[in-house]
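For the sequence shown, our numbering gives the first residue as 644, with consecutive numbering after it.
Just so you know, the hints here were simulated from the structure itself, not pulled from any lab data. On a predicted model such as this, the values are computed, not experimentally measured, just so you know. Incorrect hints may appear among the rest.
Using C-beta positions, here's what the derived DEER-type ranges look like [unchecked claim]:
# : residue 1 : residue 2 : range
1 : Asn-815   : Asn-719   : 40 to 46 Å
2 : Ser-733   : Arg-668   : 21 to 27 Å
3 : Lys-857   : Pro-791   : 32 to 38 Å
4 : Glu-674   : Glu-840   : 30 to 36 Å
5 : Asn-766   : Lys-859   : 33 to 39 Å
6 : Asp-880   : Glu-814   : 35 to 41 Å
7 : Asp-880   : Asp-718   : 27 to 33 Å
Quick list of in silico lysine to aspartate or glutamate cross-link-like pairs, EDC-like style, CA-CA up to 20 Å [stated by the list, open to error]:
#  : residue 1 : residue 2
8  : Lys-859   : Glu-682
9  : Lys-841   : Asp-812
10 : Lys-854   : Asp-646
11 : Lys-888   : Glu-870
12 : Lys-707   : Glu-673
13 : Lys-839   : Glu-808
14 : Lys-841   : Glu-883
15 : Lys-854   : Glu-673
16 : Lys-728   : Glu-764
17 : Lys-839   : Asp-856
18 : Lys-702   : Glu-726
19 : Lys-699   : Asp-734
20 : Lys-841   : Glu-828
21 : Lys-681   : Glu-870
22 : Lys-683   : Glu-883
23 : Lys-681   : Glu-648
24 : Lys-869   : Glu-682
25 : Lys-888   : Glu-648
26 : Lys-696   : Glu-723
27 : Lys-702   : Glu-674
28 : Lys-707   : Asp-895
29 : Lys-707   : Asp-734
30 : Lys-839   : Glu-870
31 : Lys-841   : Glu-757
32 : Lys-696   : Glu-727
33 : Lys-869   : Asp-895
34 : Lys-839   : Glu-811
35 : Lys-857   : Glu-677
36 : Lys-699   : Glu-673
37 : Lys-696   : Glu-667
Just so it is clear, CB atoms sit at the ideal spot from N, CA and C, and this is done for glycine as well.
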Amino acid sequence: MIDIENIPLIDLHVHADSRSKGGERIWLGEEVLELQNKEKMPYVLYLATHFDKVIKLAKANPNKVGAVLWVNPLDNKIMEEAEEKIKNNSDVVKGIKIHPAGHGYFVSLDTLNEVFRIANENNLVIVTHTGAENNEAGMFRPLMEKYPNTKLLLSHSFPIHEACEMVEDFENVYVDTSYTVDNREAQLYLLNRIGKEKITYSVDGPFWFPKNDKGKYVSQFRNRAKEMCAWYKNDQDAIEHIFYKNAMRILDLK
């Protein structure tokens, strides 16, 4: 039986800041770190638009936190700043986050060439939202054909059949377990089709987590892991790969 209370969890899709209803960005970094420590998670990728804040948090916790810089490829100033931060903080910056639906552009070779170039040159993983007509998984094919060594994580795996085709056709493409594939049927489909070595554990938190009476987030990382263990029928080999081994390989962690 899997000892889920103590198995390592490495989450590759955690938000260190979140947009409020008023539009401003609310910093969640320290609160997320508290949840991470509570859940005994050895390492987490923190996605953030606040470059300096997430880099500072990662610098203070280099063995626990990897920084992922959230960029808009249509904003040249942001792209220049991100590339500078990446070059000056290569020890803690592990990836680039893109959200085509959120920033209003279609995935294409022209639009995302600079993002993939930077990731390719700096051995970074690209974490991308999928789930709308302008960022379906198959649209990344021309980019992976040009940059086959770039590590691409298709968050939400949408559409699931296209996401699987990308994984099957490109060695460095992976999917995560968050949100739109957050159900037993989808998880088992992924596991049976692309196998345990191409799926990473992610929950897309914490802003959807419930809050306590003090307004603080209540962690759901390990609860979600327990649920997934049941879906996978407590297959220890599959669980170990999805929960931490694949992430360690992708991020070159020891």
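Structure-based check of all given hints:
1. Distance hint check: the CB atoms of Asn-815 and Asn-719 are about 27 Å apart, inconsistent with the given range 40 to 46 Å.
2. Between Ser-733 and Arg-668 the beta carbons are some 25 Å apart, a value that agrees with the proposed interval 21 to 27 Å.
3. The hint said 32 to 38 Å for the Cβ distance between Lys-857 and Pro-791, and at roughly 48 Å that hint is violated.
4. In this structure the supplied range 30 to 36 Å holds for Glu-674 paired with Glu-840, their Cβ-Cβ distance being about 32 Å.
5. Between Asn-766 and Lys-859 the C-beta distance comes to about 36 Å, which sits within the given range of 33 to 39 Å.
6. Distance hint for Asp-880 and Glu-814: a CB-CB separation of about 21 Å, inconsistent with the stated range 35 to 41 Å.
7. The hint said 27 to 33 Å for the Cβ distance between Asp-880 and Asp-718, and at roughly 43 Å that hint is violated.
8. A distance of roughly 15 Å separates the Cα atoms of Lys-859 and Glu-682; the hinted pair therefore holds under the 20 Å criterion.
9. At roughly 12 Å between alpha-carbon atoms, Lys-841 and Asp-812 fall within 20 Å of each other, so this suggested pair holds.
10. Taking the CA atoms of Lys-854 and Asp-646, the gap is about 27 Å. The hint is violated against a cut of 20 Å.
11. Restraint check for Lys-888 and Glu-870: satisfied, since their Cα atoms lie roughly 19 Å apart, inside the 20 Å limit.
12. For a cut-off of 20 Å, the pair hint linking Lys-707 to Glu-673 stands: about 12 Å separates their Cα positions.
13. As the CA atoms of Lys-839 and Glu-808 are separated by approximately 15 Å, the hinted pair is consistent with the 20 Å bound.
14. At most 20 Å may separate the alpha-carbon atoms for a hinted pair to count; Lys-841 and Glu-883 meet this at roughly 12 Å.
15. Annotation: proposed proximity of Lys-854 to Glu-673 holds, straight-line Cα distance about 16 Å (limit 20 Å).
16. With a CA separation close to 14 Å, the supplied pair Lys-728 and Glu-764 stays within the 20 Å bound.
17. The hinted pair formed by Lys-839 and Asp-856 fails the criterion: a straight-line CA distance of about 39 Å is larger than 20 Å.
18. At most 20 Å may separate the alpha-carbon atoms for a hinted pair to count; Lys-702 and Glu-726 meet this at roughly 17 Å.
19. Only pairs whose Cα atoms come within 20 Å are accepted, and Lys-699 paired with Asp-734 is accepted, the gap being roughly 12 Å.
20. Taking the CA atoms of Lys-841 and Glu-828, the gap is about 17 Å. The hint holds against a cut of 20 Å.
21. Our distance criterion of 20 Å between C-alpha atoms is met by Lys-681 and Glu-870, whose separation comes to about 18 Å.
22. As the CA atoms of Lys-683 and Glu-883 are separated by approximately 15 Å, the hinted pair is consistent with the 20 Å bound.
23. Annotation: proposed proximity of Lys-681 to Glu-648 holds, straight-line Cα distance about 11 Å (limit 20 Å).
24. Distance check on the hinted pair: Lys-869 and Glu-682 sit about 12 Å apart at the alpha-carbon level, within 20 Å; holds.
25. As the CA atoms of Lys-888 and Glu-648 are separated by approximately 17 Å, the hinted pair is consistent with the 20 Å bound.
26. For a cut-off of 20 Å, the pair hint linking Lys-696 to Glu-723 stands: about 17 Å separates their Cα positions.
27. With a C-alpha separation of about 16 Å, the suggested pair Lys-702 and Glu-674 falls inside the 20 Å cut-off, and the hint holds.
28. Simply put, Lys-707 and Asp-895 have alpha-carbon atoms about 14 Å apart, close enough for the 20 Å limit, and the pair holds.
29. For a cut-off of 20 Å, the pair hint linking Lys-707 to Asp-734 stands: about 12 Å separates their Cα positions.
30. For the proposed pair Lys-839 and Glu-870, the alpha carbon gap of about 17 Å is at most 20 Å, so the pair holds.
31. Between the alpha carbons of Lys-841 and Glu-757 the distance comes to roughly 25 Å, so the proposed pair goes past 20 Å and is violated.
32. Note on Lys-696 and Glu-727: the hinted pairing holds, with a Cα-Cα distance of about 15 Å set against a maximum of 20 Å.
33. At roughly 26 Å between alpha-carbon atoms, Lys-869 and Asp-895 are farther apart than 20 Å, so this suggested pair is violated.
34. With a CA separation close to 13 Å, the supplied pair Lys-839 and Glu-811 stays within the 20 Å bound.
35. Taking the CA atoms of Lys-857 and Glu-677, the gap is near 15 Å; set against the 20 Å cutoff, the hint holds.
36. Simply put, Lys-699 and Glu-673 have alpha-carbon atoms about 11 Å apart, close enough for the 20 Å limit, and the pair holds.
37. A hinted pair counts as satisfied when its Cα atoms are at most 20 Å apart, and Lys-696 with Glu-667 qualifies at roughly 15 Å.
Checked against the numbered hints listed earlier, the structure breaks hints 1, 3, 6, 7, 10, 17, 31, 33; every other hint is satisfied.
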